[in-house]
Structure formats: C-alpha cells, structure tokens
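If you want this note's numbering, it's the 1-based position in the sequence shown plus 3.
In short, the hints are calculated from the structure, not lab data.
Any given hint could turn out to be false.
Stated by the list, open to error - Cross-link-like lysine-lysine pairs, in silico, DSSO-like; alpha carbons within 27 Å at most:
1) LYS307 <-> LYS324
2) LYS116 <-> LYS176
3) LYS307 <-> LYS223
4) LYS116 <-> LYS177
5) LYS223 <-> LYS324
6) LYS116 <-> LYS223
Said to hold, decoys possible - Pairwise CB distance ranges, derived in the manner of DEER restraints:
7) MET115 <-> GLY73: 25 to 31 Å
8) ARG415 <-> CYS220: 55 to 61 Å
9) PRO221 <-> MET115: 18 to 24 Å
10) PRO67 <-> MET273: 24 to 30 Å
11) ARG76 <-> ALA224: 50 to 56 Å
12) ALA293 <-> SER107: 51 to 57 Å
Positions of the beta carbon are idealized from the N, C-alpha and C atoms, including for glycine.
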Amino acid sequence: MPPAAPSPSAIVIGGGPAGLMAAEVLLQAGVAVTLYDAMPSVGRKFLLAGIGGMNITHSEPLAPFLARYGTRRAALEPAIHAFDPTALRAWLAQLGIETFVGSSGRVFPRDMKAAPLLRAWLQRLRHAGLNLQVRHRWLGWNDDGTLRFAGPAGEIAVHADATVLALGGASWKKLGSDGAWLPWLAARGVETTPLQPSNCGFEVDWQPLFADRFAGCPLKAVGARFTDGNGQVWQRQGEFVISRYGVEGSLIYACSAALRDEIAARGSAMLHLDLLPGRDAARVAAELAAPRGADSMTNHLRRKLGLTGVKAALLRECLPKTVFSDMGALAAGIKALPLRLRAPRPIDEAISSAGGIAFSALDNRLMLHALPGVFCAGEMLDWEAPTGGYLLTACFATGRLAGIGARDWLAR
Numbered sequence: 004m005p006p007a008a009p010s011p012s013a014i015v016i017g018g019g020p021a022g023l024m025a026a027e028v029l030l031q032a033g034v035a036v037t038l039y040d041a042m043p044s045v046g047r048k049f050l051l052a053g054i055g056g057m058n059i060t061h062s063e064p065l066a067p068f069l070a071r072y073g074t075r076r077a078a079l080e081p082a083i084h085a086f087d088p089t090a091l092r093a094w095l096a097q098l099g100i101e102t103f104v105g106s107s108g109r110v111f112p113r114d115m116k117a118a119p120l121l122r123a124w125l126q127r128l129r130h131a132g133l134n135l136q137v138r139h140r141w142l143g144w145n146d147d148g149t150l151r152f153a154g155p156a157g158e159i160a161v162h163a164d165a166t167v168l169a170l171g172g173a174s175w176k177k178l179g180s181d182g183a184w185l186p187w188l189a190a191r192g193v194e195t196t197p198l199q200p201s202n203c204g205f206e207v208d209w210q211p212l213f214a215d216r217f218a219g220c221p222l223k224a225v226g227a228r229f230t231d232g233n234g235q236v237w238q239r240q241g242e243f244v245i246s247r248y249g250v251e252g253s254l255i256y257a258c259s260a261a262l263r264d265e266i267a268a269r270g271s272a273m274l275h276l277d278l279l280p281g282r283d284a285a286r287v288a289a290e291l292a293a294p295r296g297a298d299s300m301t302n303h304l305r306r307k308l309g310l311t312g313v314k315a316a317l318l319r320e321c322l323p324k325t326v327f328s329d330m331g332a333l334a335a336g337i338k339a340l341p342l343r344l345r346a347p348r349p350i351d352e353a354i355s356s357a358g359g360i361a362f363s364a365l366d367n368r369l370m371l372h373a374l375p376g377v378f379c380a381g382e383m384l385d386w387e388a389p390t391g392g393y394l395l396t397a398c399f400a401t402g403r404l405a406g407i408g409a410r411d412w413l414a415r
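Based on the provided sequences and hints, a complete structural model is requested.
Have a look at this one:
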C-alpha cells in the first residue's frame with residue numbers, strides 16, 4: 004500500500020483580522036495552519052482600534068456601504084457581498100459577542116471593547132488546531148521558495164503548500180505594520196502602488212501663538228466643503244481638532260483621500276469651513292450688520308453669533324485684517340472660511356494606509372498571478388475607506404476570501 008499523502012499545510016503571515024479570518028477558513032477545511040506574527044502577541048492594531056469603542060462595522064444599506072470604498076468598490080464588492088455586515092454580526096454572535104447599532108448607524112460590541120472578541124476568537128482558533136508563532140518577522144523568500152523568518156532563535160526557513168499574506172499597510176509601525184513587504188513583492192513581479200496615509204491629519208501653517216493656545220481644542224458643529232481640481236464637491240458636517248501641526252479628527256479623516264490627492268497634484272488643498280452651519284449666510288450678515296456701538300469686534304461676534312474661543316480665533320488666523328471692517332466679507336468668511344492644507348501627516352501616524360498590491364495583480368480569489376499559491380488580504384491590498392467600520396469589514400471579508408482561495412488551491 005502506498006504511503007498516505009501528507010495533509011496539506013498553509014502558512015498565514017500576519018495576526019490581524021484578515022490573517023485570523025483566513026486561518027479560520029483553512030482550519031475549518033481541515034488544513035494544518037501555522038500563523039506567524041512579528042509582534043509578541045497578535046491583533047495589536049485591532050486592539051488599538053477598540054480604544055474608545057470597538058466600531059466593528061456599519062448598519063447602513065449595502066449599496067451606500069459599498070460606495071464608501073470609492074474607486075475600489077468593484078474590486079471589493081465580491082468579498083463583501085460574501086461576508087457583509089449582517090454576516091459579520093452573525094459571526095460575532097457565534098463567538099458570543101453581542102452587538103448593537105449606535106445612533107450614527109455604527110455597529111459596536113455590547114461592551115464596546117475589542118479584547119473580549121479577540122480572546123474568544125483566539126480560543127476557538129487554538130481549539131481548532133491553530134499553531135501560533137509570535138516574534139517571527141517575515142523576511143521574504145529564499146531562492147528555493149521557502150519562507151524566511153527571523154525568530155527568537157535566529158533565521159528559519161519554512162515550506163508552505165499555500166501562503167496567505169496579511170501583513171497590513173504601513174500605519175502604526177510599532178504595532179507591526181511597516182510596509183517592508185512591498186519591495187519584496189515588487190521584486191517578484193507583483194504590481195504594486197506606493198503606500199500613502201489615509202484617514203490622516205494634515206499640516207497647516209499656524210501662527211505660533213495660535214498653535215500654542217489652541218492645540219488640542221475641538222471644533223464642534225462645523226461644516227466642511229472641498230472642491231477638487233476636477234470640480235467634484237465634497238461636503239459634510241461634523242467635528243475635528245486643532246493640533247499643533249494642523250488639523251485632525253473625524254471630519255478631516257472623512258475627506259482625507261481627496262485632500263491628499265489634491266495636495267499631491269497641486270501642492271496644497273483648500274478646505275472651506277462653515278463655522279455656523281445652523282444659520283444661513285443672510286442671517287449671519289444681518290446679525291453682523293447690527294450696530295455694535297462701543298462693543299469690540301470680539302464682543303460683537305460673541306453677542307450676535309456666539310462665536311468665541313477657537314472659532315473666533317480661527318477667523319483672525321485665516322482672514323486678513325481688512326475683512327473685519329467689511330461685515331459682508333466677514334459673514335462670507337464665517338460661512339466659508341478658507342483653510343489651506345499643505346501636506347498630509349506621515350503615514351506612520353495615519354489610522355490606515357492606501358496603496359499596496361494592485362487588484363490587477365490578483366485573481367478573483369486574491370491569489371497573486373506572479374506567485375501561484377500566495378494569497379493576499381486586508382490592508383496590503385490597494386484600497387481605502389473612511390472610518391466607521393468600513394476598514395474592519397473589508398479586512399474580515401478579504402481575509403475570508405483569501406482563506407477560501409488557499410483552501411481551494413490546496414484541494415486541487
């Protein structure tokens with residue numbers, strides 16, 4: 004009797020949501036899986052995302068949900084259709100993680116934390132046979148095709164029948180995602196695009212006195228409007244924070260991709276702020292035109308419009324002095340305050356990154372055309388999305404699809 008064929012084995016590199024999901028799919032198919040991660044423990048960026056509330060996905064209908072992925076919607080749609088927010092919530096329920104929909108439509112675990120979810124998931128994966136190897140940094144491939152890892156005992160070579168790469172992008176390097184993999188893949192003929200910051204802050208040339216006094220101050224209930232070089236208009240209301248270097252926060256992150264691309268194309272981007280989105284321009288102009296007697300302009304703005312603190316200071320920072328003697332021009336400035344952004348902050352500070360492996364380099368199961376048997380998932384792929392649960396949903400969905408691809412490759 005001929006000897007039994009050895010059981011197929013797979014290597015997953017990266018212990019974030021995409022890598023863990025790929026491992027789960029493979030384990031369920033009876034594949035022996037070893038997961039390597041460079042950090043002392045897995046899921047470190049996932050845990051960071053849970054600080055302040057673990058926004059796991061979003062409850063909006065699927066069509067607008069998919070539209071959040073912009074030009075990469077078509078590429079991501081099959082994966083997300085196969086594991087959409089409803090399926091993700093059902094999967095969480097199987098782990099014993101109850102979820103709820105917040106007032107903004109965002110979906111959270113009932114306890115708002117990431118750690119219980121990660122613990123329950125790892126327990127299930129270990130019970131299914133996952134071999135977890137931490138403190139093993141991937142270094143690419145040897146000439147014979149084996150995988151190179153730098154581990155606690157030195158460098159090792161590992162053979163894999165199938166490999167899933169889920170190494171993240173290049174934001175928050177200290178948590179494990181440093182983008183070091185990009186040139187290794189490019190050298191093997193994989194089409195890639197440069198990694199860029201996404202959901203990031205931007206630099207503004209504040210006067211030192213303004214930065215010293217108002218760094219850390221939030222601007223609440225403001226509108227933002229941006230028109231790119233092609234005439235495309237983006238407009239939203241929300242809040243953001245003044246930082247010493249410029250601006251950051253949810254309202255800024257929501258438009259970060261368009262702002263970043265505008266700066267790359269034209270050297271800067273002009274964002275217009277509406278400091279009083281609840282009042283129309285005519286009302287603001289009428290209030291300012293009222294006689295102010297002996298009142299200073301500071302008191303006039305406070306009494307008539309309620310503009311104080313950082314909002315009032317922004318007017319002085321962004322408008323020329325001559326505007327304050329022309330109430331019509333001042334009203335226009337309050338409703339459309341020009342804020343010039345000169346550069347995105349470094350990628351390591353960003354919440355996420357854009358760029359990476361082009362979808363044209365992958366088949367419909369996320370296998371690299373140039374490297375048969377190697378599958379990729381998560382933030383390594385060239386897509387981006389705003390915060391609000393969209394980032395994690397796509398990481399889970401692409402991890403699952405890559406796992407299915409590797410499973411089917413091994414079953415050929």
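* Asked: Which hint numbers does the structure go against, in order from smallest to largest?
  -> Numbers 11 and 12 - these are the hints that the structure violates, sorted from lowest upward.
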